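Produce the entire structure from the sequences given, and follow the hints as far as they go.
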Amino acid sequence: MADTETLLQAWAERASTEDEAWAHTVPGPALDAATARLASVPRDFLDERVSLPALFGDILPTVAAPACLAFADDARVRTAAAIALWLMAADDLVEPLDPPLNTARAGVAVDALALRVASVVDPAAWLVDDERRVEAARTFLLWDGLRPTGEDTATARALLDACDSLARDRAMAAA
Amino acid sequence: MNRELSDVERAAWEKALALWGVRMHDPRMRPGEGEEHGGAPAWFSFPASVTVDPAAVATYGGTDELDSVFAHELGHHVLAPSTRIDALKIRHQLGRTLLAAGLAHAADEHVALLSNLWTDLLVNTRVALLQRAEAAGDAEPGIVRMCRALYAPSIGGGDRLWWVYCRTYELLWHLVPGSLCAPQPPAAVVSAAQPVEQPGSVAQIEAELAAAITTAPETDAALLADAVRAFASDPVGGALRFGVVAAPYIAERGRAERSGAKVSAGMPGLTTCADDDDPATSAEIGRILADRRMDERLPQHPGIAVGEADDTRDAERRGGQMLGVAETLGLYSGAQADDVLTAWYRVQAATWVRPVTRAEPPQVEELPGPLEIWETGDDLAAIDWAATLRSGPVVPGVTTKRRSQLIDEAEPVPRGIDVDVYIDSSGSMPRPAKGSPAVLAAVILALSVLRGGGRVRATSFSGPRQVAGIPDYSRRIDEIIRAIMTYYGGGTTFPIDLYAQRHLATRPGGTTRQRHVVVLSDDGLTSLFGAGNPDAEGVAAAARATMTTATLVLMDRRHQVDALAAAAGYDVISVETMDDAPRACARLARTLHG
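Protein chains in written order, with numbering that gives the first Met the number 0: chain A, 0 to 174; chain B, 0 to 593.
Calculated directly from the structure, the hints in this document are not laboratory data. Please read all numbers here as calculations on a predicted model, not as lab measurements. Please note: incorrect hints may appear among the correct ones.
Stated by the list, open to error - Away from chain A, derived, C-beta distances all over 10 angstroms, residues of chain B: (1) R2; (2) G60; (3) D63; (4) P185; (5) L366; (6) R501.
Unchecked claim - On the chain B side, residues computed to face chain A include the following (Cβ under 7 angstroms): (7) L170; (8) H173; (9) V175; (10) P176; (11) T218; (12) A221.
To be verified - In silico negatives: residues of chain A with every beta carbon more than 10 angstroms from chain B: (13) L45; (14) A53; (15) T61; (16) A63; (17) T102.
Note that beta-carbon positions come from the ideal geometry of N, C-alpha and C, so glycine has one too.
Following this line, the structure appears as structure tokens:
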């Protein structure tokens, strides 16, 4: 299993700054719709026997491989990436969110959950813990270039900051 | 003056009742009474009742959210604290966290404040959930609107704990920073510079604590939000988690005030919606202290780095030990000290107590055996007429029957014993209010005897004419413990006259009950054997003859009474320190059990 620092390092090398990410967000779907979708991930996506690269190739065939595939053996990374892929897949399998997710930025959004959030929060918590599910959904939307319906950038950023586990862990360590 | 509910108020009350799914008698509407309750617009009290000051509600801008005001107060009835005993347990836990945060004592006002904040957090969060589930669409719950209205005037205030409290709601309700409090927390008040103190002084310890325990409002609010989510239905269980985060703010403020630094005005007058000033009774304190959660390990404050704050006092508390007797007395300062002490010693003794009985020879009983022929010459009353008549015509010695009797080997019958306890309360013994191992030892013995159905007579003695206790054997534990706890703090003179009067008047064999004497003392018990009083020589030995056993539990390093005791037939249990006395008495209780 990769250690947390390694995953965060991979994320730091992969992602732009948060300021840039927020600057490029546009209004996206309702937060409740995103969290509801996140909570309804099918069991097949969570099956560890399913190959993550194959799953990614099936769902996002035109998108460059995300960095998290290098850590596909890590259970946290695998589960988080699979859940993120479900969010993208559901646009076709269920119905598109309104507005739909941004496929072009899906790779970095998958990495955001698999490398950044999953390194400090067990992805299983996203399915059972409202607070952690909101964190995952907001993070995914941000790196997909979206912010929840009805929220301006400052509001969306403040609300994600309020539930950001990584930021809290750092604050606790500094306390 | 109470007034009837208006139609609008009744509709709001019914709506609040429906929200929680409960029924309750109407609230008391008391216009203008909020001033007497710290400016609170509404409050909950025991026995369960809700009181509202509609004028204060209007002042705070809550008239449009009256159903949420009612729902909040009902939440104290349904959820937190729900019962008076749970309210007292929450206060107890929060008192522990105040002491752990470095406060010299858990002041009632601080305990009440933390208790209100914690229960309000739980109640308001649940009310918001219920209202969200009930409302259609994305409408903001009424309780959130109410809090916006009530807390708006406090935005920008300087109290850091209030900021953490409001920020916690923002996190729980996903509100944008700045909705209920300023986006940034107030700066910590820097204590005025103090001169360098002697190592070990109060000020120096305070300075160390201040350095060891830090407050980080933003992080602390997140921790409190976690605590509210985790303990949403367990206000007692979560009180410690809340307290270790919140109490340092009170300690921080106290230190700043004592240093002469300028501190902001305190909390707004919205934090006193519990109205229960009645002190805890003895029975309630006993129930509280007997709850194992009151003894559980304090969660470590996240602001304390591992390895810091290692002073023994703090480490003991965090190690899960129960509050000391002096701290418990401080926490229940409104209650009768005797009640608190009695409850504390009873709970401390509970783990040592085993029933003390003596197995007495059984009464030999007979069991009915098979029928046999009644012979002429046998006792006429022995004929079993029912069996005889079933055999046909009555022919004496031929058809007459009688029931034979078999000897039954009955089990030994456990019976209670009488124990006469004398406890030294001279100046060399610790005061009960400071934690006395001797008192604890005597309580262990007394409870063990009572649990086995026996009786105890307790006497406390010190110098001449310093004797108190109960005159007869008793099974009333409270009066026994009170007698044991009587403290004089004088010299050490055993009350030999009283002892003689009690035991020499009883002839050996005059009672079938086993009687035992136990004396607890640290030194100077030679007076029991007549030292300095020739008239008393021989009393101890004579009294011993009337009793089943007599034991001295002594902390007498010189062993100056060992020979005297042996000559008079007394057993001696020597303890190195009085701290060993409870264990010795627990062993003695098992010995008496036989």
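Original post:
Of the hints given before, which are not true for this structure?
Top reply: Of the numbered hints, all hold.
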